[in-house]
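4 protein chains.
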Amino acid sequence: MKQVRVGLIGTGYMGKAHAIAFKTAGAIFPLSGELLCEMVAELDPQLAERKAKEFGFQRSTGNWQELVNDPKIDVVDICAPNHLHKEMALAAIAAGKHVYSEKPLALNAKDALEMTLAAEAAGVKTLVGFNYVKNPTVQLAKEIISNGEIGEVVHFRGTFNEDYLADANSEFTWRLKREFSGSGTLGDMGSHIINMAHYLVAPIAQVCADLQTVHKQRPIAGTTEQMGEVENDDQVHMMVRFANGAIGTLESSRIAWGRKNGLWFEVTGTKGSLIYDQERLSELQLYTQNEAKNRQGFRRILTGPDHPDYAHFCVSAGHGLGYNDMKAVEVRDLIEGILTEAPLWPDFRAAYQVNQVCDAAETSYQEARWVSLSHE
Amino acid sequence: MKQVRVGLIGTGYMGKAHAIAFKTAGAIFPLSGELLCEMVAELDPQLAERKAKEFGFQRSTGNWQELVNDPKIDVVDICAPNHLHKEMALAAIAAGKHVYSEKPLALNAKDALEMTLAAEAAGVKTLVGFNYVKNPTVQLAKEIISNGEIGEVVHFRGTFNEDYLADANSEFTWRLKREFSGSGTLGDMGSHIINMAHYLVAPIAQVCADLQTVHKQRPIAGTTEQMGEVENDDQVHMMVRFANGAIGTLESSRIAWGRKNGLWFEVTGTKGSLIYDQERLSELQLYTQNEAKNRQGFRRILTGPDHPDYAHFCVSAGHGLGYNDMKAVEVRDLIEGILTEAPLWPDFRAAYQVNQVCDAAETSYQEARWVSLSHE
Amino acid sequence: MKQVRVGLIGTGYMGKAHAIAFKTAGAIFPLSGELLCEMVAELDPQLAERKAKEFGFQRSTGNWQELVNDPKIDVVDICAPNHLHKEMALAAIAAGKHVYSEKPLALNAKDALEMTLAAEAAGVKTLVGFNYVKNPTVQLAKEIISNGEIGEVVHFRGTFNEDYLADANSEFTWRLKREFSGSGTLGDMGSHIINMAHYLVAPIAQVCADLQTVHKQRPIAGTTEQMGEVENDDQVHMMVRFANGAIGTLESSRIAWGRKNGLWFEVTGTKGSLIYDQERLSELQLYTQNEAKNRQGFRRILTGPDHPDYAHFCVSAGHGLGYNDMKAVEVRDLIEGILTEAPLWPDFRAAYQVNQVCDAAETSYQEARWVSLSHE
Amino acid sequence: MKQVRVGLIGTGYMGKAHAIAFKTAGAIFPLSGELLCEMVAELDPQLAERKAKEFGFQRSTGNWQELVNDPKIDVVDICAPNHLHKEMALAAIAAGKHVYSEKPLALNAKDALEMTLAAEAAGVKTLVGFNYVKNPTVQLAKEIISNGEIGEVVHFRGTFNEDYLADANSEFTWRLKREFSGSGTLGDMGSHIINMAHYLVAPIAQVCADLQTVHKQRPIAGTTEQMGEVENDDQVHMMVRFANGAIGTLESSRIAWGRKNGLWFEVTGTKGSLIYDQERLSELQLYTQNEAKNRQGFRRILTGPDHPDYAHFCVSAGHGLGYNDMKAVEVRDLIEGILTEAPLWPDFRAAYQVNQVCDAAETSYQEARWVSLSHE
Ligand SMILES: NC(=O)C1=CN([C@@H]2O[C@H](COP(=O)(O)OP(=O)(O)OC[C@H]3O[C@@H](n4cnc5c(N)ncnc54)[C@H](O)[C@@H]3O)[C@@H](O)[C@H]2O)C=CC1
Ligand SMILES: NC(=O)C1=CN([C@@H]2O[C@H](COP(=O)(O)OP(=O)(O)OC[C@H]3O[C@@H](n4cnc5c(N)ncnc54)[C@H](O)[C@@H]3O)[C@@H](O)[C@H]2O)C=CC1
Ligand SMILES: NC(=O)C1=CN([C@@H]2O[C@H](COP(=O)(O)OP(=O)(O)OC[C@H]3O[C@@H](n4cnc5c(N)ncnc54)[C@H](O)[C@@H]3O)[C@@H](O)[C@H]2O)C=CC1
Ligand SMILES: NC(=O)C1=CN([C@@H]2O[C@H](COP(=O)(O)OP(=O)(O)OC[C@H]3O[C@@H](n4cnc5c(N)ncnc54)[C@H](O)[C@@H]3O)[C@@H](O)[C@H]2O)C=CC1
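Residue numbers (our numbering), protein chains in the order written: chain X, 5 to 380; chain D, 5 to 380; chain P, 5 to 380; chain U, 5 to 380.
Check before you lean on any hint, since a few could be wrong.
Each pair may be met inside one copy or between any two copies, as identical chains are not told apart.
[Stated by the list, open to error] Within a straight-line C-alpha distance of at most 35 Å, the following computed DSBU-like cross-link-like pairs (lysine-lysine) qualify:
id, residue 1, residue 2
1, Lys181, Lys6
2, Lys181, Lys275
3, Lys114, Lys275
4, Lys114, Lys297
5, Lys76, Lys6
6, Lys6, Lys275
7, Lys129, Lys275
8, Lys76, Lys275
9, Lys76, Lys297
10, Lys76, Lys220
11, Lys76, Lys57
12, Lys129, Lys181
13, Lys220, Lys6
14, Lys114, Lys146
15, Lys146, Lys275
16, Lys114, Lys57
17, Lys275, Lys297
18, Lys275, Lys57
Rather than coming from a laboratory, the hints here were simulated on the basis of the structure.
As the structure is a computational prediction, the values presented were derived from the model and not from experiment.
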């Protein structure tokens, strides 16, 4: 049986989520090959070793270059902070490895394009962790739209709001500095909703955005009364025009009290509508004009075995999937994409297009105007 | 006991809603005077007579000028289509009557200002039918914000979407022509959400908008295959910046399948959030950071006698108010505003500010730029 | 035009609700005659006078017998406490008046039967205030069931829970004493859900119930530390078997924290299901097996002009009705039932059947057994 | 590091769910030892072999006795149909193995007691798969109740409804025959809600139940027009009285159209209430009387890292857990219960008590009376 040997860089929030998915993917899905958890890289070699054990990996290293260049690694999985994605990915590509990277792909579109071209030139396969599009419920939304069940899409409203920095006294982190994070909520969560819009509607052709840093300073952890300067946006929203003529708004906030995983979208078509709320990730609401007028209403569809991918998790409908399950689908896609001709999406190019929209939003804000995009 | 004698112009959708409220207001609220349903005006005198009977009015006329100039009328209530508001209001003001007008006040800000200045010069009282701010639930939202319970407002997302023209084959109506309606959904429903934003947050200082007519032709009723040209917007959204520094988005659509009374807002503050959905008009969702972290959540408050105005309708909480009940509150405000020193809001000036935002949105769209407003 | 002259006894909670409905019914519905608010009776003649003015009635009295025997009264409306319904209704019937009574009809089935037989013998018309069945949304549920859209009903779960006595320190009231109220929540709110089950499913043929008084004493208002003995149930639930073979459970509580108007039902049929939540009284959830399996879901139907009676309130769907609007439908039924051949339901006989179920529930509890009912 | 070697019998629905959990538990939780997937048993040795590979087990067998007696197995996991639990568990106990069994433990209380006594005598550890109590959201409910945050529990309404047999034409299965399944929905899903009630409230002391087989015949798969006789209940409900004085109702149905995982409970206390809906398994609704009266409402708490066990899955709140995640918690409990002094619940004794309630419900139905239980 074929094997795919994975090297994981970074063992924080996402590192663990990937590790769990590496374990479950094989038990859940019939895979075309075996996934082997080969090596973990971390800043601190001791941490690397401990995590390798915890996550069920064979080996560990305190030096990510070592991992990237290890001959027994087929795919490099980058779960390190944003500013490291580029260097790590380029090194992995240079070593002929496939790359599985967390989002946003890069700090800006220029870097993302460089990475994309490198990967394409090297002929390695790439996948970026925009996991929300992997949810069976979201795949169902895609299917409904593609079938024309809601007609032509005319409007898309998407938000991705959380409150993890809503408290003005939340501690300063790397995410608040340009050099490590790039933009703020725009690249962090906004990138997910941009990718979702690309997935469900069409490429975004024009952007007009507003950004705001509400809390301009945050206390630095471990210090007394020392404040760090926040360098990027707490909240952003933008008007978009899609290549297919639909229009919409996208919004993201990291200071939206009460929202915990507030990725939310409403798609309006000429024959019906869809509503999705990520906090209820196994529900899709569908309205169509097909029913008799006095029987029309939003239908709450609970995702089940008659929908994409769900049956592999559970034979009963409505039993619910969780966040980590989306990563398991993503890992299934990774393995199949590497071992077979199955398409891999969103790849670096798709993620580069997301970065383009993020950059356009910042330009739009700075220059107070609409910005056009040309997706190649 | 003091009396307020009302003359009603127009007996369609809103004419009836006002008539119902004229009946109920006195039974629900202790009023400072008696409301008398004096006269109805309609285009067709027979219709006027029939409706006067149905609605419980004393007299009727086929000529609205007659009503406006009748000495026994204290307040002229304008429920005619948008393009007639100006002429009727100016005539009523000239005759020294108070004016209760449906929204939008005028086809454009220039007209609205002329009406406002005339009313202010004449010293008559005015009220405009932005009824959704009268809902006890919305008053509660206002109270929570004013108390600082959610801190400083940093974001407002408001929509007012319906699907009454979502069917591409819906018949052509006066609302689709500039000369009768002015803008499309922008002035029709958008004006409500703009007024709501003004009520809950602050004056809107800057606007950047996008508008779209999706269905450019509609079949003309009673004809075979004759199509009318739609002259105004089916959907609109805009980014706004408020005078107090908060930012937000406003959206309106008349083609949003599934939305029946989709006035919806989410207000984010530095200490909490509010969510309101007009399709569940007796519920307010409140999130505050006061509770212990592991007990925080959006709290669904069912409006009841401990909230503004509700106790007059019912002594039990959660028994629910309806659309017509908001009009009853509006009429209570009208009567009290006329007979006492109680403030009347939204008056013509407030409605003019709404018209200003609508005009700014159209300019913004045409010129693809942010437009600043200076509210006097 | 024909007239119906109403005499109202009792001006508390329900007295006001009826008064509002008397005002609105005519403005909302085209009625077959005119409703005249003739006279109000209260214990205290001054209160009677004041309320007559407030409610827009012509005359008042401190003696309900006077009202009942007044020749200008066509229909006697009983909004006094439960224990007075019988005496007042029998007197009204004796005087040849139609009777509109609040629920529960009587303290027990024996009294209710006596009242029913008297009314039937006298040939007067009767209506009992089980207003929740008048809601257009509930009428829609009835229509769906009658059409067979959910197949044969196999199960009904109904609750009517509130929290108005959930606080152990709520003051003692007449509702807690047998002689004034009869049973507790069973007759007060339970009667509504029993009537709803009769309306939607079939007569209840067998009952097995459990009752409980959780707070056995309550502080007497205006006293210091004096406690009144609670003589009836705080919470009740029962299993029922319907005459048509369906089974179900009914529950009522006046101490259910958080429930404000918790009349809730779920009807399961062989082809679909319905869910209704009175706290969202303009929504009905419908599930049918007709759709493709992967498109099935509960459909949230917002009540609108394509549903029973709603169009009279508003031409736009989803704009929402309130508690008082249900009373307006009830009053419309009353007027039409009196002036035309339109059927009046629930009449005294229907309300007597509700009292029978209440009595059976108490017997069942006391004797710890199933009790059979024979509805004549 | 200590090891726990698992042998799995049965590779259907639950077999796979267990297998997934065996993989994930270690990646999610820090365990006191290593879980080894040792052997799979199935009826057909080929199937056993294929599944062993798929699920990541070392060995396989077509004879479960072999597995039970294998010296390298520490714990026998029974995922076979109900009627086999007893024989398999007794054999495993005899071989000195710990037993992890799916629910219901046995076809009746007598058998369950025999199994319980055997396990207790042998000193082996046991755990039964009532996974819904493992959900962090449900653990939170338990914590809130135990803390007294909603006062004394006075009422519990619990349902567990699905529609997997709602279609009258669903094929005949082993679950419909007494010898393989015991009771119908009562033991299948009812057992979950009974166990939930035991977990959250107190032992059930008295039961009065009604059962019904709605579809008395079902088509036998692969045959033409041959029908199988359904021998057990499609729907059941019961009134219960808890040992601590609270009362409640429990309901289960396998023919409730629209319900997919309709485990739902509402717990009413003297100071507040809780609502849980398994179809939204990461939400708990809490109402308490602590807030100011005009700020009270059901609070939708999204489960997060500040709640029991969740942080191991994800550091962000509200990201959602799924059905399989509950099994991961269950497996964590299993491993810790075996390797440490941590309590294991629900063990065979707890599951026996559930079987007792099921038996009492059937007796109650047959004899049309309340049945008392004495939990030892
Ligand atoms: N797809 C999604 O939903 C999410 C994606 N992310 C993305 O995942 C990436 C990582 O974020 P988190 O896991 O939240 O951050 P984290 O701070 O929890 O973890 C980052 C880890 O990378 C390690 N690291 C840093 N420099 C390293 C180096 N030079 N060599 C090896 N390891 C190094 C750190 O020690 C740390 O353990 C980010 O790009 C982020 O945007 C994060 C959260 C959710
Ligand atoms: N506050 C709110 O929620 C709503 C406000 N409106 C506003 O109410 C106004 C009226 O709209 P609808 O009632 O929906 O229209 P409608 O078309 O139902 O009724 C308008 C009525 O005015 C009468 N009318 C027209 N010209 C007249 C004249 N010269 N003299 C006397 N009567 C005349 C028409 O015959 C018709 O009966 C509009 O300005 C609209 O924007 C409408 C719906 C909702
Ligand atoms: N349909 C529904 O949803 C509801 C029905 N009800 C029913 O309405 C009836 C009245 O209840 P509420 O209005 O809540 O009570 P309430 O206590 O608010 O009002 C009762 C009124 O009757 C008056 N009254 C008492 N004795 C009288 C007498 N001998 N002559 C004249 N007036 C007398 C009292 O002074 C008081 O004003 C009850 O039967 C109750 O069950 C009450 C609430 C809701
Ligand atoms: N905790 C929960 O939520 C759930 C629990 N269950 C319980 O799990 C148990 C199994 O149910 P399902 O997995 O749904 O059934 P299933 O029919 O999907 O799987 C049962 C498996 O056991 C195998 N089997 C039968 N006899 C065997 C034998 N003598 N030796 C070895 N293997 C044998 C069958 O070949 C089949 O693969 C039942 O007791 C059921 O009540 C089922 C579903 C959900």
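Hint by hint, here is what the structure shows:
1. Lys181 with Lys6: neither (42 Å within a copy, 44 Å between copies)
2. Lys181 with Lys275: between (45 Å within a copy, 24 Å between copies)
3. Lys114 with Lys275: Answer is neither: 39 Å inside a copy and 38 Å across each miss the 35 Å cutoff.
4. Lys114 with Lys297: neither (51 Å within a copy, 41 Å between copies)
5. Lys76 with Lys6: Answer is both: 14 Å inside a copy and 29 Å across each meet the 35 Å cutoff.
6. Lys6 with Lys275: This pair counts as neither: shortest intra-copy Cα distance 46 Å, inter-copy 48 Å.
7. Lys129 with Lys275: The answer is neither: 38 Å in one copy and 45 Å across copies each exceed 35 Å.
8. Lys76 with Lys275: Neither: 52 Å inside a copy, 51 Å across copies.
9. Lys76 with Lys297: For Lys76 and Lys297, neither the intra-copy (62 Å) nor the inter-copy (45 Å) Cα distance is at most 35 Å.
10. Lys76 with Lys220: Cα proximity of Lys76 and Lys220: none, with 46 Å in one copy and 61 Å across.
11. Lys76 with Lys57: both (18 Å within a copy, 23 Å between copies)
12. Lys129 with Lys181: Classified as within; 30 Å inside a copy, 53 Å across copies.
13. Lys220 with Lys6: neither (52 Å within a copy, 51 Å between copies)
14. Lys114 with Lys146: Classified as within: same-chain Cα gap 29 Å, cross-chain 46 Å, threshold 35 Å.
15. Lys146 with Lys275: Intra 15 Å, inter 29 Å, cutoff 35 Å: intra and inter.
16. Lys114 with Lys57: Neither way: Lys114 and Lys57 sit 38 Å apart in one copy and 45 Å across, limit 35 Å.
17. Lys275 with Lys297: Intra 13 Å, inter 20 Å, cutoff 35 Å: intra and inter.
18. Lys275 with Lys57: Answer is neither; intra-copy 53 Å and inter-copy 42 Å both fail.
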